[in-house]
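Colleague: Chain by chain, the residues:
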Amino acid sequence: MLKQFSIAAKNATRLPYMMAARVVRPSAFTPMRFTRFVSTGSPLTKEDVLARTVSVLKSFDLKNSGDKIGLNTQFTKDLGMDSLDYNDALVALEEEFDVVFDDKSANEIKTVGETVNYVLKNYLPEQQDLDREVR
Amino acid sequence: MKAPVPFSPQNLKYVSSLYRRSLRTAHDWINRTDFYREKAAEIKLRFEQNRDISDPKELQKVFETTEELLEKFQHPDPIIPPRRPGGIEYDRNVPPRYEKGPANFKNTV
Chain G
1 MLKQFSIAAK
11 NATRLPYMMA
21 ARVVRPSAFT
31 PMRFTRFVST
41 GSPLTKEDVL
51 ARTVSVLKSF
61 DLKNSGDKIG
71 LNTQFTKDLG
81 MDSLDYNDAL
91 VALEEEFDVV
101 FDDKSANEIK
111 TVGETVNYVL
121 KNYLPEQQDL
131 DREVR
Chain L
1 MKAPVPFSPQ
11 NLKYVSSLYR
21 RSLRTAHDWI
31 NRTDFYREKA
41 AEIKLRFEQN
51 RDISDPKELQ
61 KVFETTEELL
71 EKFQHPDPII
81 PPRRPGGIEY
91 DRNVPPRYEK
101 GPANFKNTV
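Sequence order for the protein chains is G and L.
Just so we're aligned, residue 1 is where the first sequence starts under UniProt numbering, counting upward by one.
Just so we're aligned, residue 1 is where the second sequence starts under UniProt numbering, counting upward by one.
Think of the hints as simulated: they come from the structure by calculation, not from any bench.
You may find that some hints are simply not true.
Over 10 Å on every C-beta distance to chain L, these chain G residues come out as not near it, computed from the model [said to hold, decoys possible]:
#1 LEU71
#2 LEU79
#3 ALA106
#4 LYS110
Covered stretches of chain G (chain L as the covering partner; in silico rule of three or more C-beta atoms under 8 Å from a C-beta of chain L) [unchecked claim]:
#5 53–63
#6 95–104
Bear in mind that the values here come from a model prediction, so they are computed numbers and not experimental data.
Backbone N, C-alpha and C fix where the C-beta goes; we use that ideal spot for every residue, glycine too.
Required output: the full structure, derived from the provided sequences and hints.
Modeller: Here it is, written out as structure tokens:
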């Protein structure tokens, strides 16, 4: 039984199933083949997110704007933002990355690095097989 | 709701949440960034005006007014990213693009 099954599996892998699929499907409806990034996770890198975050933060008037903003920069201590300012920045970041900071995590976020991690964790990659206009 | 404790961490969290919600509501209504920034400045000023309230009863009253305002100005069709809960693409499989669609209808009669 098991042997039979393994033989069947071998045959199945040998089948040129792309061809088989093409025969079954009417040629007019062959979808475009795109590489899907869904399984590999978010295509955003940490550096990308950091750079975009920094550019959003720079659009606010910061007290110590001369300093370089890194992952360990704290909103309140290093950037001189009060709680309202930094919530404003979070809402701006939501718009930038299409993420939603829920109340619990937004209250716990204190550094730029935590924001970046949250964005990386909750970012939804674009669906690659869709038209760019539809996306 | 329990009486709020002024200047406590819980209070800070609640006020932050209110502030974020008001900014989002403003953004739902206002499409242009410069107009939105103006509105955001106004919202911030309104929050700043109530910064030093130390009387719990007064604080409670201010919170209630804010909640009422948020409810009043709630957008009927708020901006939600399409693939987030509530968005138009959420929990749906959008059909892929086709190289060639079906042939156009031809009226042969």
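Colleague: With reference to the structure, classify each hint as holding or not holding.
Modeller: Now for the hints, and whether the structure bears them out:
Every Cβ of chain L is farther than 10 Å from the Cβ of G:LEU71; the closest lies at roughly 22 Å, confirming the non-interface assignment. At the 10 Å boundary, the C-beta of G:LEU79 stays outside the reach of chain L, the nearest C-beta of that chain being 16 Å off. With a least beta-carbon separation of about 7 Å from chain L, G:ALA106 fails to lie farther than 10 Å from that chain, contradicting its non-interface assignment. With a least CB separation of 12 Å from chain L, G:LYS110 remains clear of the 10 Å interface cut-off, as annotated.
Interface restraint, the segment 53–63 of chain G with chain L: violated (0 residues with C-beta to C-beta distance below 8 Å; minimum three). Check result for the segment 95–104 of chain G against chain L: holds, 6 residues qualifying (beta carbon to beta carbon below 8 Å, three or more required).
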